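Trainee: Make a model of the complete structure from these sequences and hints.
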Amino acid sequence: MKLAVITYQDRGAYAVETVPDEDKLLSEILDSLSIEYQFEIWSDESVKWQQYDMLLLKSPWDYFDYFPKFAYWCEQIQSLGIPVLNDLRTVLWNSKKSYLLEIQQAGLGVVPTKLIPMGDVKELVRIVDNSGSDSQFVIKPAISGGSKNTLKFALHEFADLLPTLGKWLSVENYLLQPFVPEIERVGEYSYIYFNGKFSHALLKKASPGEFRVQHFFGGTIHSLEPGADELASINPYIEHFAISTLYARVDGVWRDGVFLLMELELIEPYLFLYTHPQAMDNYRSAIKARLQVSA
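Position one of the sequence shown corresponds to residue 72 (this note's numbering), numbered consecutively onward.
Bear in mind the hints are in silico, worked out from the structure with no lab data behind them. Treat the numbers as computed from the prediction; the structure is a model and nothing was measured. For every residue, glycine included, the Cβ atom is placed at its ideal position computed from N, Cα and C. It is possible that part of the hints are untrue.
For each label pair, taking beta carbons as the anchor points, the in silico distance ranges come out as [stated by the list, open to error]:
#1 Glu99 x Asp231: 48 to 56 Å
#2 Gln109 x Leu186: 25 to 33 Å
#3 Leu232 x Glu255: 13 to 21 Å
#4 Asp205 x Val364: 41 to 49 Å
Mentor: Okay, structure coming up:
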C-alpha cells in the first residue's frame, strides 16, 4: 500500500497556532500503522499520481479558491481509477453548498436556504424586500470555505451593501439564509463521525462581536458528550448522505430542541482530534479498517 495524503500549497493560509496541526497527527497514525505515505499538494502538476494505490484527502484547504482546477483534478484522479477517501463523487457533490437544498428536500432539518444564481441580483432583492423589517441574513458563496465572502447583514444595511453583493454575484452563485441568533448566543455544534460511526462532539463559540465560530476568527472550542436522543437527531444526516465516508463532520445549531444543519463537511474538515481522549484512537481504527492493515 502506497498512500498519498492530499494537502494544499500554502500551509499557512488557513492554519493557526491555537490548535494542533492534524497533518502531523495523521502522520503519527500512519507511522504507527507502518503505511508508506507521502504528502502531496493536489494542485502540483508534477506529481505522478499513478504511483499511488490510494489517496486520502486531508487538507486541500484552498480547493474553493481554485475550484475549476480542483474539479479537473478530481476528474483526472477518477479517470486513473485510484480510490480516494473520501470518494470523489461525494467530494464533488459536497463542494457545492447547494447540497443543503437536497438535504432540506429530504426532510432533514437545515437552516432555511435559498440559492441566488450568478448575476440574479433581482432575486436577491426580491427575497430580502419580502422579509420582515427586523430580519437578519447571512450570504455566502455556493462554493467556499473558511467563511470566505460570508457576510451577515440586517435589512436596514441592505441598500448600502447591494453594490458589493452585486459584484460578488457577478462571478458566482450564492446562498442566502436567515441569521440564526443561537450562533451568537450558544454557538455551533459539531459531531464527528468515522466510517459512519459517531466519534466525538464539540461546541464552537464565537468571540464577542463575531458570528463566525472558526478558530482563525478567535472562536473557542468546548468538548461535549451528547446524549442518545441528541445523536438520534444527528445520525440520519450520516445515514442518508455520508454513510460510506471515512470522516464526516455535521455542523449546526439547536433551536427549540430541533437540530438545524449548517454544513455537512465531507471534504477537508478539521476533526478536532485533540478535544477528546478517544478521538485519535477512533480515527486510527477507522483508517486501519479502510486501508486493511494488520498493525
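Trainee: Any of the earlier hints contradicted here, and which numbers?
Mentor: 2 and 4
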